[in-house]
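Peer 1: Its first residue numbered 303, the sequence shown is counted upward by one per residue in this note's numbering.
These aren't lab readings, by the way, just hints derived from the structure by calculation. Because the structure is a prediction, the values reported are computed rather than measured. One or more hints might be untrue.
[Claimed, not checked] For each label pair, taking beta carbons as the anchor points, the in silico distance ranges come out as: (1) Pro675 to Ala933: 39 to 47 Å; (2) Tyr957 to Ser1008: 22 to 30 Å; (3) Leu958 to Arg902: 12 to 20 Å; (4) Arg692 to Gly591: 51 to 59 Å; (5) Ala501 to Leu864: 28 to 36 Å; (6) Phe605 to Asp489: 33 to 41 Å; (7) Pro809 to Pro399: 31 to 39 Å; (8) Glu436 to Val802: 39 to 47 Å; (9) Pro809 to Ala933: 43 to 51 Å; (10) Arg692 to Ala933: 20 to 28 Å; (11) Pro857 to Ser1008: 21 to 29 Å; (12) Pro857 to Ser794: 27 to 35 Å; (13) Asp798 to Leu958: 20 to 28 Å; (14) Leu864 to Leu958: 35 to 43 Å.
[What the hints assert, rightly or not] Taking lysine to any residue and the SDA-like style, the derived pairs with C-alpha atoms no more than 20 Å apart in a straight line are: (15) Lys980 to Thr879; (16) Lys541 to Leu871; (17) Lys980 to Thr999; (18) Lys980 to Leu871.
For each residue, glycine too, the CB sits at the ideal point set by N, CA and C.
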Amino acid sequence: MAKPGRARNPHGDSWLCAGQFRRRGSVHPAPGRRPMSFHLKCREALMSLRTHMKWLGSLVLALSCATALAQEGGADPQPLDSPVPRVETPEPVSQGPASLTRTDVDAWLDGFMPNAMSVADIVGAQVVVVKDGEILTARGFGYSDLEARTPVDGSGDMFRPGSISKLFTWIAVMQQVEAGRIDLDADVNTYLDFEIPDAFDAPITMRNLMTHTAGFQERLYNLIIGDPALNLSLEEFLKQAPPPSRIFPPRETPGYSNYGTALAGYIVQRVTGQGFEDYVDEHVFAPMGMERATFRQPLPAEFEPFMVNGYASASDGVAQYYELVPMSPAGSVAASGEAMGRFMIALLERNPEVMSAETWEQMYETLYPLTPPLNAMALGFWQLDKGDLRIRGHGGDTNFFHSDLNVMLDDGVGIYVTVNSTGPAGEAGALRFAVTTRFEERYFPEVTQPVGPRLDTAMEHGALVAGTYESSRTIETNFAAILRFAGQSTISQNADGDLVFPLFGPPVVWREVEPFVWRHVGGYERMAAVLDEDGQVEYVTFEPVSPIMHLIPAPWWRTASLVTPVLILAILALLSTLALWPVRAIVRWRYKRAFPLTGREALAYRAARGGIVLVFAFLLIWGLTFQTMFANLTGLGSGFISQLYIAIAAQFLLYLALAATVWNAFVVWTSAQSWFAKLWSVVIIASVAMVLFFAGTNGLLSWETSF
């Protein structure tokens, strides 16, 4: 079976648990540790390089940012939704269900949350459970203000649910579909006052936006900021730069897109004639009874007393800035526990004041199964089914807040968990997934089915799938494409034929249970591979990210395992050549010897060394550019764009360097110099060419300034 039942779209052509936590110490270990978010991981790599390699660091900062990330395992851009490390669980064992009562849930949370938060180094958390149309419990744990030791109010305090905000945007869209103002299958340019450029001979539709299949590359510029002076209205932000490049044909490849959601919110604004925030207040929050919820930025004054602080970690202990999301429909909501409870009740009861029951069910059950039998994308919701347990939900991440929301559609039950800190290595993700999954195991034990026997084809199929992959949530056409290289993932095969793949943390084992379908041993997730017509892997995907992301095989010439060591050797060859230049001059001066070359040979020799200086100048310029980017997490102003123009123009330094070293080699090979000199002139050319190749394949030679 070459493909696991891959289906065509019938409508037109963040997640499971962490189980046992590994103790990392008390809630206050050594200070100064940083959350390993996408931004801060790059920043830590740069700072570490400066400390440990001062003599070379300033010359290879750009290289080292990518290399350090690749060695640490990489990460997809995660400002709003990013998978984070989880901890391995033992094989689940079925047991009788616990009683889903407030008393039992509270007792379970009291036994689990304090220790889990201590281990994860989390300051505060909120857990809300709903059942049968009521908020069963809304619990707060830890602190909303660590310095003042103010405890979290589980009902009234406001957290930032991140990309769970998207669900409100998609509901607003479906209200307009119901009203006849939006056609899910019409070109979105129909509704816009600016143009999404044509590509792939196919327009982008609202259905594409809702299922993250529009084909946009990721947009990073000022995705989350802290400086109100840099914040723009939704319209201003969308119009300040061209749309992200379209890198996949619509409907074919999921690539999670914050820009796509922002575009949908702007379309709601356009067709209704109301500001997006005003519309949601009146038509979504109000009928759901969500009194303490807002998309508005900065936070309105009446909500400020209820807003909890965000933190990197409990051990860091420094209250962070209020995060602003210029693409507000994608993730700017602040909401109380009670408000999120009322939201889950509205989802479960198909609140008729919001939409008709038919429209609600259209959102839940219009699935796009690109990779059966894995969970798929619904209209805005992630399918998170476990066996017969029908779950819809969404995850959300900002730099400091991390959340999950799951509703069991047929059981009238929902759970929302949110935390106000990340933990030193992203432990917040493991915590939130542990809460939702243990909740499901405890009250719906039928989900705990053992992994089946290994197929006889495991060795053959596993060998075919093992390799290096890149995420479809990526950037290809600008300098940030270097993060694609840094974020590569490796799937390997063990002696039993099982696959080994790090599921957002430590490597876990996957056993083939159907042809080209694997199951996580000790968990619930499935992985599947789809083959092309030639029998080669087209892509791999795995739960829970299967609705929104594919892993695409990296071309051999771009794999970090090959490129990184070759690039390091090239840098060392250039550095040694450059370092020996003054050393030889000092030796000649010491022993009063003349320079052995004259005329054209001397000029070519010096031109080649000058070319090497240009190579390191190129790396230095890009290193400083990345340093500026990651040192200004509260927002990038016009000064960075000017710096980016300089970095882009610096590519001419590489072209001059290559020309100088080629001319030097020509002179050396046409003169009576030694064979070592001739061979080394070729080494210099190859080394410069390697840097040029790396820059070209990772966006550093792109002229595109929109990122």
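Peer 1: So, for every hint listed, does it hold in this structure?
Peer 2: Status of the hints after comparison with the structure:
no.: 1; hint: Pro675 to Ala933: 39 to 47 Å; result: holds, 45 Å
no.: 2; hint: Tyr957 to Ser1008: 22 to 30 Å; result: holds, 24 Å
no.: 3; hint: Leu958 to Arg902: 12 to 20 Å; result: holds, 18 Å
no.: 4; hint: Arg692 to Gly591: 51 to 59 Å; result: violated, 25 Å
no.: 5; hint: Ala501 to Leu864: 28 to 36 Å; result: holds, 31 Å
no.: 6; hint: Phe605 to Asp489: 33 to 41 Å; result: holds, 38 Å
no.: 7; hint: Pro809 to Pro399: 31 to 39 Å; result: holds, 32 Å
no.: 8; hint: Glu436 to Val802: 39 to 47 Å; result: holds, 45 Å
no.: 9; hint: Pro809 to Ala933: 43 to 51 Å; result: violated, 32 Å
no.: 10; hint: Arg692 to Ala933: 20 to 28 Å; result: violated, 46 Å
no.: 11; hint: Pro857 to Ser1008: 21 to 29 Å; result: holds, 25 Å
no.: 12; hint: Pro857 to Ser794: 27 to 35 Å; result: violated, 19 Å
no.: 13; hint: Asp798 to Leu958: 20 to 28 Å; result: violated, 54 Å
no.: 14; hint: Leu864 to Leu958: 35 to 43 Å; result: violated, 27 Å
no.: 15; hint: Lys980 to Thr879; result: holds, 14 Å
no.: 16; hint: Lys541 to Leu871; result: violated, 44 Å
no.: 17; hint: Lys980 to Thr999; result: violated, 29 Å
no.: 18; hint: Lys980 to Leu871; result: holds, 19 Å
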